[in-house]
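Quick note, the sequences are listed as chains Y and B, same order.
For the first sequence, position 21 matches number 25 in my numbering, and the numbering has no gaps at all.
For the second sequence, position 4 matches number 122 in my numbering, and the numbering has no gaps at all.
Fair warning: there could be bad hints in the mix.
Unchecked claim - Cβ-Cβ distance ranges computed for the label pairs, FRET-style:
| # | chain 1 | residue 1 | chain 2 | residue 2 | range |
| --- | --- | --- | --- | --- | --- |
| 1 | B | L505 | Y | K14 | 26 to 32 Å |
| 2 | Y | K14 | B | I481 | 42 to 48 Å |
| 3 | B | N430 | Y | N12 | 28 to 34 Å |
| 4 | B | T154 | Y | G29 | 37 to 43 Å |
| 5 | B | T121 | Y | V190 | 32 to 38 Å |
| 6 | Y | D59 | B | N430 | 41 to 47 Å |
Hint data in this document are derived by calculation from the structure and do not stem from the laboratory.
On a predicted model such as this, the values are computed, not experimentally measured, just so you know.
Don't be surprised by glycine CBs; every beta carbon is placed ideally from N, CA and C.
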Amino acid sequence: MVKRILKNPKSSFLEALIITVFIFGTGLLLGIFLENSRTNTIANTYIDSEINLLDIQMLSDLILSENLSCEYAISENVDFGNRIYEDTLLIAKYEKSNQLKTDILKEHKRYDLLRTLFWINSINLRERCSDLHTLVYLYDFKTESSEDKQQQTVFSKFASELHNDFGNTIVLIPIAMDMDLSSLDVLLEKYNINETTLLFDETFKMNDISDGDAFEDIVKRGLLDIGDEGIILN
Amino acid sequence: MDTLTIIYFVYMFIALYITSLSLVLLFKIRKTYFFTPKITKEYSVSVIIPAWNEENCIQRTVNSVNKLDYKNIKEIIVVNDGSTDNTLKILTALKKDIPNLRILNKKNSGKADSLNQAIKIAKGELICIVDSETVVRKNALSKTVGYFDDQKMGAVTVPILIRNPKNLLARLQRIEYVGIALTRKLLEPIDSIYVTPGPFALYRKSVLEDIGGFDPENITEDIELTWSLASKGYKRMMNMETGVTTIAPSSFKVWWKQRNRWTMGGIQTFLKYKKHFAKENMFGYFILPFFGLGFLLGLLGLFIFAYQILRNLWSRYFLVKYSLIANIPIISTESLFQINPSVLNYFGIALFVLMFFFNIIIIRIVQKKLLKGKNFKDFLLFITGYLLLSPIIFITAMFKFLRKDMKW
């Protein structure tokens, strides 16, 4: 008698299922671990940034009240701006690769709030220190439109290039507009912003990427009174 | 988690499961992979060769069958299915040297009907079907007859390999056929061999009579017959110690037509037997769900793949458009070298590792017998190019099937 068929074929299916569940389960656990660890990294970095922001806010208050030199404050603001810009890039990188958990979105929101506070602080400080320049990049985080996403990618690259060119003098602050932050909403209303925009010193805004050259020119020269159809003056 | 990620996880789980199952089965049969049962009874065998316009190959096929080392071959029946070339003339000449050669000359009615007519007049206890392009190894019968001591045995097949591949396409099919043979053997221990292919299969005559023979309406009569056997609980087995060779299509057009026919035949057979789904035996519990799921996931996968490609192209279009407007580089070196692993990468690697182990084990088992002379470059091309044509065939076959454009 030929007995080549397994007596209990079910056992093979079950064994394969156990192996699969083990590999799959290990993968999910590893994934959750990896994503938690990334979220923790962001959260820890956030704490440092929050402390630094408080320090900068106090420094700004001191400069405003005591009439001290702006040079140090500007340098600290630029340094802090660079640091939180790096954090922004890190969050964006982690957001892309996180598949299982959404905790990192909360960190994103917290960072947007922090950056809004930093922006407000910069606005206040500029009253006393006119040499402090800010480039605020405002974008839609939740957009599903491919066109909007790619347009924002180009905006982001453009802003990044400007930051690379003038990183020692301009603070780049990227902020997502659609995170339901009331303080940010007030600022957006004040500056009449409702679409992807690059805002230079709260005076010049660019929301059409084709105006890039002219906008770059304005940033370069730091001029405040150029009337141009492509550039919307406040 | 977005919908596409969930779908990816489902696909990955199924892929991991199928690979794990293959590994488990391979591990279980690793020592008996080349098992051959002893011949305790010399069953009489009728060899049936259907032929339609086969003047180029019929002589070689008949001669190879005539040289089989099995003693109790009752007859070699060649069915001349209304050939308009010299097939009949060649057969008549061959008959002078081969006394047990019988020629069944008839009007053209298709392969399945030709086989059915030959089965009716066959005198052997076992029926060996051999395609007219097949060259059988001497021991092809003596290695397979022994399985029929088991009264539930319905069919036994052997590896079908490609001989003398003329060009790259044929060489790629040679690799494919080895892969098919290796994986088919894995299905044996779970009673799930789903095709005993046309080039060579040995059947018990009484079983063929019980299931009513081949279905003339089906365009892949070998698949249909095997499913009929499986649905009635007859066993199908495979002997890896012997084999036969056949010719692979060397023109893309012929190959394309053949693959479309196979796929359409698969769909046709699936629909015929769908009522057995999740019933009775391994046919209902594994073969049918396996095929059904394969069709479903294949189709869904194709739609998702097409959607992703279009979405990416659409997205790329806007990126290029706005990058050109803004005079910004489209690709940055930073993005090219940015490595950021995710859980999806883990599953990809896990699958790769499992498949790697599977391949290592199977190569160790069969390297001397089946993989001799296979070109590594061809193998790479097989994986990276040839296999990618399957989805396209699947789409065209589905389309043809829906239009009822089914012919040989």
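*Hints the structure violates: just list their numbers, smallest first.*
Hints 2 and 3 are the ones this structure does not satisfy, whereas the remaining hints hold.
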